[in-house]
Each structure stands twice: as structure tokens, then as C-alpha cells.
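Visitor: As they're listed, the protein sequences go chains R and B.
Count the first sequence with my numbering and you get residues 6 to 337, in order.
Count the second sequence with my numbering and you get residues 6 to 337, in order.
What the hints contain is simulated information worked out from the structure, not anything from laboratory work.
Just to be clear, a hint being listed does not mean it is correct.
A pair holds if it fits inside one copy or across any two, identical chains being indistinguishable in the list.
What the hints assert, rightly or not - Distance condition first, Cα-Cα at most 30 Å in a straight line; then the derived DSSO-like pairs of lysine-lysine: (1) Lys-204 / Lys-53; (2) Lys-53 / Lys-86; (3) Lys-53 / Lys-81; (4) Lys-197 / Lys-81; (5) Lys-303 / Lys-321; (6) Lys-303 / Lys-44; (7) Lys-287 / Lys-257; (8) Lys-147 / Lys-287; (9) Lys-53 / Lys-129; (10) Lys-86 / Lys-294; (11) Lys-257 / Lys-44; (12) Lys-44 / Lys-147; (13) Lys-129 / Lys-257; (14) Lys-257 / Lys-86; (15) Lys-53 / Lys-127; (16) Lys-147 / Lys-321; (17) Lys-81 / Lys-303; (18) Lys-321 / Lys-220; (19) Lys-129 / Lys-197; (20) Lys-53 / Lys-293.
Number of protein chains: 2
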Amino acid sequence: MNKLTRRTMLAGATALTAAALAPAMMPMPARAAAPMAGKQAAGFYRYKVGDFEINVVTDGAATFPLPDQFVQNHPKAEAQKALAAAFQPTETVTVPFTPIVVNTGPKFVLIDTGYGPEMHAKTKGRVGQLPANLAAAGIDPKSIDTVIISHMHQDHVFGLRTADGGLAFPNAEILVPALDWAYWMSDAEMNKLPEGYTKSVYPGIRKTFTGLENKVTKYEWGKEIIPGFTTIATPGHTPGHTSFVVASGSAKIFVQSDVTNIPHLFLRNPTWQVMYDVDPLKAAETRKKFYDMASAEKALIQGFHFPFPSAGYVEKDGNNYRLIPITWNPVI
Amino acid sequence: MNKLTRRTMLAGATALTAAALAPAMMPMPARAAAPMAGKQAAGFYRYKVGDFEINVVTDGAATFPLPDQFVQNHPKAEAQKALAAAFQPTETVTVPFTPIVVNTGPKFVLIDTGYGPEMHAKTKGRVGQLPANLAAAGIDPKSIDTVIISHMHQDHVFGLRTADGGLAFPNAEILVPALDWAYWMSDAEMNKLPEGYTKSVYPGIRKTFTGLENKVTKYEWGKEIIPGFTTIATPGHTPGHTSFVVASGSAKIFVQSDVTNIPHLFLRNPTWQVMYDVDPLKAAETRKKFYDMASAEKALIQGFHFPFPSAGYVEKDGNNYRLIPITWNPVI
């Protein structure tokens, strides 16, 4: 019987290890590693409102370093605390963009268009996903009958244009809020502005609509602008910012547009002002009025900047609110 | 000049109406009504945990009249109040079922299998959606290397079988909790039971595993059963009910399995006992321990009965908890 010494044990261990490793060094007829998909599922979701079929279709989401003044009227540290409480990263902020297509039966109606092809390229596909997700949902852009613009900010309108400057929805009537048109298409308004966010986005917005002056139809508040779609005045974020009641039979939803930016900051804290508001105090007043109504009515809200599928109910919590997202329905 | 009388006006109005209606009565070369899609988007969602790619793949959801004893230890009216507070219907309850497939690189690992083909047919496709959603996610059932069963209830195991009784994942090793195997495969245990839910589900569970006695591998708690997958004892719902830490590098998630049934009832009210618990008091004790840990660690929890994509964080709220769902990421 061999006497085991530390030395022979180590030698044995080494030999064993080498033998054990040998097969790994020779190619073996084993199953290939499972390939990673590396991409997300197509971002669309459907639900019914009466006879209407709502297609929620994400345009993607932007993630960027949290600006110091993302919440205009509170220190960055407070915003970070709110992000942490929502289990979000605190050094960046992520803003989703979520148009919807309503199939009314007679018509396909798109509300807001997302960021379009130029921003799709610039962000390496993080935004400007609407065309790809429409395709996944089986919706041909040529079949869109009406495009309703809630307000004329770039994330809602750039997608009106194709990469070559043509019309992304060539057969659609384009409806815009009259007050936003008057504001954003006016040299006088632009020249009045101080340097800052709003002035910086004017040229891109103007460029999108230049040449469409005789094509767009301007709408007012408090009207049924097409059957089933009634405009609601929700000004502040922009002068003509508009929300909608979309109703079929006795069923309805509120499409809030940008009554709030991301809910874990600005719905949770409705007096907080996002840096993109043209009139932040009026926006905060609108927000309170809108969510008091929504929570009292237990209304379903579709929100452009809510996390996909971007629909939920609003629970009142003292002077604040909490978004209760809808539960995904695997059938419709 | 004609004298307008009420009679001629009415005649005129009638004539006008008839003329206006005429086009509707004749087929017109108009755009066809937009066809309703009538079906939901494929239910899968991806995220990364270290080098692992998690594919959350829904098996669907069951909606049924709220049983009087759905919450065993509280009156139906209290359950209805909690459902209403979560903006859910109060006469029915909806329970989602959500297996996951983890791509570890070398392996595809499925945790739980959903309801399978027989229940798919019986429910007209509301459950048993896993095979279709796997296909949509590009995952071939033949490529699954390992199936881990968290516990042996039917919604977790029936999907092991194809419609003809074959193996749905023919190349997979099947891992089951040793304590559940001992419980559910035992005539003595079955015969001890009073009439009720647990006894009623025994035969189907037995049938699923009959013939697999030499194929399944039984696992214990507190072990890394395959690289990256460590079992956690979470008994009560069933004797061998198991949760998992799935870890890659420094990243990890907790796959809770059925520590709670639907969160708006039983995570919100952790002492409430769902009618399916084998040992409801132990299940409640497990729930408190698990969510105290999860909320303290700010851990991401993947939950079989959470609304799709069935992942979120747990916020402590006094003696109760609140689920904060993850925000859908349009890229991964």
C-alpha cells in the first residue's frame, strides 16, 4: 500500500485534474450553447373598449443621465429618493413613449406618432420603434385613417415623417390642437422665449409641420372630433395640450397624453414640475384636476409616458396619487 | 314660389333623407372596415440577470367566479373589497400562470410547465398557452435541457405531457422537490386526506408522473441543483414547495413560485390563506419570512401568479406588502 504524503497527494491531484480537463480541451460532440435572443418581444398589447380594439404600441424608451433640473422645482436628491422608492436606478431616468392605435371598426385612429426614423437611428433603436411594432401588430401605416396629435412636442410628432421626409401615414387625416399650432408655428412666440428647453425644440417641430399647413385640421377642446373621440382641455405641459375620452357604447377610457411625465415621479408627486412643461404651474393644476376626476371615477387611463402597456388606474393617497397598472390579459 | 307647408316640408325632408341614405344602400368603392385582430400579442418578455437571459413566457390566465372560500380564513366580502381596491372585478377572480425559461448560455432551463394541452382545449385557449408562446419566443421545446418543478400542483406540471401523453420536453432532465414527490406519489398520504381541493387534484398529478419514476431527479433544499440555480425552502403551499435563487455573477433574482397566489389579495394581505394551500399556516409563515427578506434586500421577485411579465419588487407597508411591478423595457 502506497504511503500517502502531501507530495504524492498533490501529484495525484494534479494528474486527476489534468485528466478531468482533457475532454474540455478536445472538441466534443455536445449540444451547442443555446443562442441568446438578445432582443425584446414586440411591444404591442390589445384590449377592448366597447366595440373598439385598442392597440397599445410602444415607440421605445429613452434612458439618460438624470438632469439636475429634471424636476424643476425640487432638488435632484429628492427626485433620486423618489426613483429609489420606485425601485428605479437613481443616476439615470427612463422615459417610455407609447402611442396607441384604436380600431373603431370603420377606422384606424393613431394617437401620437413617437420619435420617428431619425431618432431611431441616433438612439440605435431605443426609440422610434413604432413602425416596427406596428408591423409586428399587423397594422399597415397606409391603413391609418386619422392621426390625432395630443400636443406638438417632438416625441409625439416626429414620427409623422419618414426618413426621406415623406408622410409616414400617407392616407391619414392629421388633427392637431389649434392652440398648439398657434404656439409652435409662430415666429413671434418663438422669439419671445428665453434660451432653454422649449426654444431648443422649436426648429424641429416647425420643420416637421412645414409643408403641411394646408393638410392639417386644427381641433378645439370639448368636441367629439371624430366619432368616439372627445377632446379634453389639459393645458400647461404645452398651451394646447389635449387629453381624450375614447368611448364606445357605455365603455370609455381617458387617453391622458402628457398630463404627467413618468408616474413614479410626477403622478406620485403631482406638484412636481417636469423640465419639459411650457407652463409648469398650469400643468400642476391640470394634473390635480385630472387625477382627482380619474380617481373618483375609477377611470382607466392610457398614459403616453406610463410603462408599457401604459394603462392603469389612479389611487388617491393623501395629496398624492399612486398608479395601479392594469393586469396583462393573455387573451382579449 | 312654392308655399311651404308642414306637409311639403316633411315630404321634402323624407326625400332628402332617402337621397342621403341611398349611397349607403348601394355598395360604394370605399375602404373596407379595419379588421379587428381579436387576439393578444404573444406573451413573452425578456430581461438579463448577469449573463443569463430570462424569458418570461405566460401560460395564460384562468378567470372564474370568485369562490366563497377563495380566501380560506376571511369572508368573501373582504376578498371582494381587496379586489375592488386593486381595480379588479369582484364577482370573478383571474389567476395568471407564468413559467420562465432561463438561457444560461450552455443550457435552456424551464421552471414549471403550465397547464398543458388538455386544459388548453377545455379552456378554449385561456390557459395552456406555453407551447404557443415558446414558439413565438423562438424556443423549441426539444432544446430545453432541464425542467425544474417548483411543486407538483397541476398548473406547474400538466404541461410536462403532450396531448398524446408523450413528453413535451423530450430532451430535458426533470427535477422535482423530493418532499413533494414523497407527498403526492403516496397512496397513504392521499388516503389520509379529507374530501376537498387537495384530494381532488391528486389523481391528475399522479397520472402526470406515472411512468416517470425512473426519469425524474429529486432535489433537496439549500443546494445549487444546477449551476446558477439554488433551492430555497418555502413550504406550506405544498410540503415540498420550493423557491429559487437564480444567479449569474453578482446579479440574481428570486423565483418565488407560489409563495403567494395573486398579489393583490395575498401579498397585500400576507396572513390571508388561499384555498389551495396544503398547510395554510405554514404558508403564511413562509410568506412573511420571504417578503421580509425580499423587501429588505430590494430583491427582484419573479412570481408564477403575478400579472405578466410577473416580476416586481416588494415594498413593506406596515404588516402588509405592496408589489411594485418592473417597468417594461422595450430593449434588453
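Visitor: Quick one: which hint numbers does this structure break? Sort them smallest to largest.
Guide: Violated hints (numbers, rising): 1, 8, 16, 18 and 19; every other hint is consistent with the structure.
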